[in-house]
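Enquirer: Generate coordinates for the entire structure from the input sequences, incorporating the hints supplied.
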Amino acid sequence: MKSRLLILDDEKNIREGLATALEMEGYEVVTAGDGGEGWRRFEKGDIDLVITDLRMPSMGGEELQRKISEETPGLPVIILTGHGTVENAVAAMRNGAYDFLTKPVNLDHLSMLVKRALANRELSLKHKNLEAELAKNNQLKTMIGKSAEVHQVFDMISRAAPSKASILITGESGVGKELVADAIHELSPRKGKPLIKVHCAAIPDTLIESELFGHEKGAFTGAVSLRRGRFELANEGTLFLDEIGEVDQNIQIKLLRVLQERKFERVGGEETIETDVRIIAATNRDLKTETEKGAFREDLYFRLNVINIRVPPLRERKDDLPLFLSAFLEEFSRENGKQIEGFDEKARSAMYGYDWPGNVRELRNCVESAVVMAKGNTITEADLPPTIRTRSDEGWIRIPLGTTIDQSEQIIIRDTLSFFKGNKSKTAEVLGIGRKTLHRKLEDP
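The opening position of the sequence shown corresponds to residue 5 in our numbering, with each subsequent residue numbered one higher.
You may find that some hints are simply not true.
Straight-line distance between alpha carbons at most 27 Å, and here's what the computed DSS-like set of lysine-lysine pairs gives [unchecked claim]:
no.	residue 1	residue 2
1	Lys-267	Lys-168
2	Lys-197	Lys-150
3	Lys-6	Lys-71
4	Lys-258	Lys-292
Per label pair, the in silico range of CB-to-CB distance [claimed, not checked]:
no.	residue 1	residue 2	range
5	Ala-169	Asn-239	37 to 45 Å
6	Lys-221	Asn-340	42 to 50 Å
7	Gln-253	Ser-177	20 to 28 Å
8	Lys-71	Asn-340	38 to 46 Å
Read the hints as simulated data drawn from the structure, not as lab findings.
In this text, a Cβ means the ideal position worked out from N, Cα and C, and glycines have one as well.
Expert: Put into structure tokens, the structure is as follows:
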């Protein structure tokens, strides 16, 4: 289905020229010559994106954009402006406009903006729909985030869940891989069937086979009765194998057979048992590298990695920190019978400056500790765990308000050089500039 765009400009040549160019890109386009006419057209619905001039009769672009944002939050509005009204366009962006372009319009740039805005809008809508579905099933929990990285994860969940394909969830420890598995199961046709979880790293090698496939009575010392394994228990449902990279080669061979044939035998048994299980595996290891080293079977890796969902670490999605902080603060304040209103400036700065190697799990523990230790109704830097306080300045550059662009550039260059202990090659690489450019900028007064 084609996206429908609304273009507003009181200059006929401009709006018709833009309409023709965007229709050639494959969009449906409707036009209006002033803000009032445009608003009436918008109210009819079915508009996916608006391109509007700032200065128009009956209703200006700023007012129109404000009304659209109130009526349909998140619908992208691109502002067109002359050079004399750039400040107004920037103000419109602060009020929710997606972006602005100066006239005469660069059609290639406009095309790129439209594609990007519509793609972001689609991801945002999918994210909201998925949140609503997960909330119905009480599966949202700590799956929090509005960043582009999280939108991509949610989009992959929504597309992968209805299928029967095996899924490999990758990411560092503490990012929330198990929550992704929960969401996939709840959104799949198997949601009414069992979701069985096996934390492979927590089970000794001598017991993992029995845990997965079950055992017959008398199969080994201590096997006093028949026991059904996780594959049997998960029949017609989902089996989540967490930390799959920890299982040894013998178990990898048996897992490969089950994935290929959908059959297995209990330990000590002769009966072949058929199973219908959807496999979701997770790991914090680089299994591709492990296969190259011979530590993980390549054939099993390909069987598991039909769909790969990478959950980004917290340091790559710092935009989500405020959401996590708010959610955890509310949870632990309620749990501990406190009324904590928030974090003071230094505490918040320390939280943002920290790299969170333990990801969401570490952040959650940090907030719980801070709530417990807080003496007042605001969390201070002193309430935070020592590791957060002592490392809050590492890798963090502070630029005071009122600093000019040239001064800011010098601060960034010199602080980065200091962080890398005078290593100019590393500094130039991180800043994305050449060594000669770095030398020149360091010599500038």
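Enquirer: Is the hinted pair Lys-258 and Lys-292 satisfied, with a Cα-Cα distance of at most 27 Å?
Expert: 20 Å, holds
Enquirer: Does Lys-168 lie within 27 Å of Lys-267 when you go C-alpha to C-alpha?
Expert: 17 Å, holds
Enquirer: Is it true that the C-beta distance of Gln-253 to Ser-177 lies inside 20 to 28 Å, as the hint says?
Expert: With a Cβ separation near 23 Å, Gln-253 and Ser-177 satisfy 20 to 28 Å, so the hint holds.
Enquirer: Given a hinted range of 38 to 46 Å, is it respected by the beta-carbon distance of Lys-71 and Asn-340?
Expert: 44 Å, holds
Enquirer: For the pair Ala-169 and Asn-239, does the Cβ-Cβ distance stay inside 37 to 45 Å?
Expert: Taking Cβ atoms as reference, Ala-169 and Asn-239 lie about 18 Å apart, which means the hint is violated.
Enquirer: Between Lys-6 and Lys-71, is the straight-line Cα distance small enough, at 27 Å or below?
Expert: 24 Å, holds
Enquirer: Starting from the range 42 to 50 Å, see whether the pair Lys-221 and Asn-340 falls in it by beta-carbon distance.
Expert: With a Cβ separation near 48 Å, Lys-221 and Asn-340 satisfy 42 to 50 Å, so the hint holds.
Enquirer: Quick one, are Lys-197 and Lys-150 close enough, alpha carbons at most 27 Å?
Expert: 30 Å, violated
When each numbered hint is compared with the structure, violations occur for hints 2 and 5.
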